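Chains A and B, in that order, give the protein sequences. With the working numbering, letter number 95 in the first sequence gets 165, and the count goes up by one each step, no holes. With the working numbering, letter number 19 in the second sequence gets 145, and the count goes up by one each step, no holes.
These are calculated hints, taken from the structure and not from any lab test. It should be emphasised that the depicted structure is a prediction, and the values quoted were computed from it without experimental measurement. Some hints here could point you the wrong way.
[Stated by the list, open to error] Taking lysine to aspartate or glutamate pairs in the DMTMM-like style, the calculated list, with each CA pair at most 25 Å apart, reads: (1) LYS269/B x GLU142/A; (2) LYS269/B x ASP159/A; (3) LYS258/B x ASP80/A; (4) LYS191/B x ASP253/B; (5) LYS276/B x ASP76/A; (6) LYS269/B x ASP217/B; (7) LYS269/B x ASP76/A; (8) LYS269/B x ASP84/A; (9) LYS258/B x GLU82/A; (10) LYS178/B x ASP217/B; (11) LYS276/B x ASP80/A; (12) LYS258/B x GLU239/B.
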Amino acid sequence: MHGNDDRLNDEELDQVLRSWRAPVAPPIVHRPRWWYWFTGSIRVPVPVAVCLVLLVVAGFVVMGRPRVVYREVLVPMSSISFQGLQPVDELRPRIIRRKDAEN
Amino acid sequence: MEDAFEQYHQGIFGFVWRLTRRTDVAEDVAQECFLALMKAPARFDDSRASLKTYLFAIARNLALKHFRDNRPEEELDDSNCSAPVNPDRVDIARAVAELPPLQQEALLLFQYEGFTLYEIAAITGTDAGAVKSRLHRARERLKQSLAPYKTKGVFDARER
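With the hints as constraints, model all of the structure from the sequences given.
As structure tokens, then:
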């Protein structure tokens with residue numbers, strides 16, 4: 071600690087403070103509007119950010135799964151032949167009940 | 127508007143720079159002050175305060191917002207200073223930075239921007255008595271913390 075004699079007086083303090091000068095303000099640069107799209111920032115609440123991250127992760131999981139492709143096989147009509155097809159002589163419908171089916 | 131910019135831009139920049147020691151923050155705040163005035167000129171009521179007081183009040187609020195958002199991570203970093211390094215100046219900056227924020231702003235507005243106690247009271251939203259008290263305490267503290275200037279013989283050297 072300094073004694074009272076070592077302390078600055080008002081005049082000395084003013085003199086010291088005057089020697090602290092701020093730098094000259096840089097000229098304002100007028101930037102194009104698109105610049106702010108690259109340098110701008112937005113605040114996102116944590117729950118919203120977490121939901122967005124989960125959505126993105128879920129999207130990647132769904133996209134990354136192997137997809138089952140059902141292909142319809144088209145057979146040209148010209149290759150189908152009905153030559154071996156015989157009409158049914160006698161229709162014998164048989165009714166199978168549940169208890170019969172178990173036996 | 128251009129006149130106001132010419133007149134107060136450097137002052138606002140200097141005030142925020144001395145508060146934050148950050149050239150980029152001072153630049154942003156100075157720009158935002160004038161943008162705020164351009165966006166809502168009706169908010170400025172010249173019967174309540176001068177344009178200078180109004181602009182410095184905006185600058186002060188933006189600087190406080192910066193402190194609230196960044197103060198815990200920020201240290202007094204002399205490398206952020208774009209002015210040439212001068213050991214004397216760094217000591218003064220450190221001594222001022224060690225003052226409580228309310229004393230700092232009162233001192234900076236009074237000492238460097240030439241505001242009266244009443245104008246500082248209008249900027250900081252308090253009464254002139256409180257400003258006077260803060261200013262007094264700030265100066266007393268600085269007389270002590272900057273005392274090494276006396277023993278360094280700075281005043282003798284300058285007087286010669």
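* Report the numbers of all earlier hints that the structure fails to satisfy, in ascending order. => The structure breaks hints 1, 2, 10; every other hint is satisfied.
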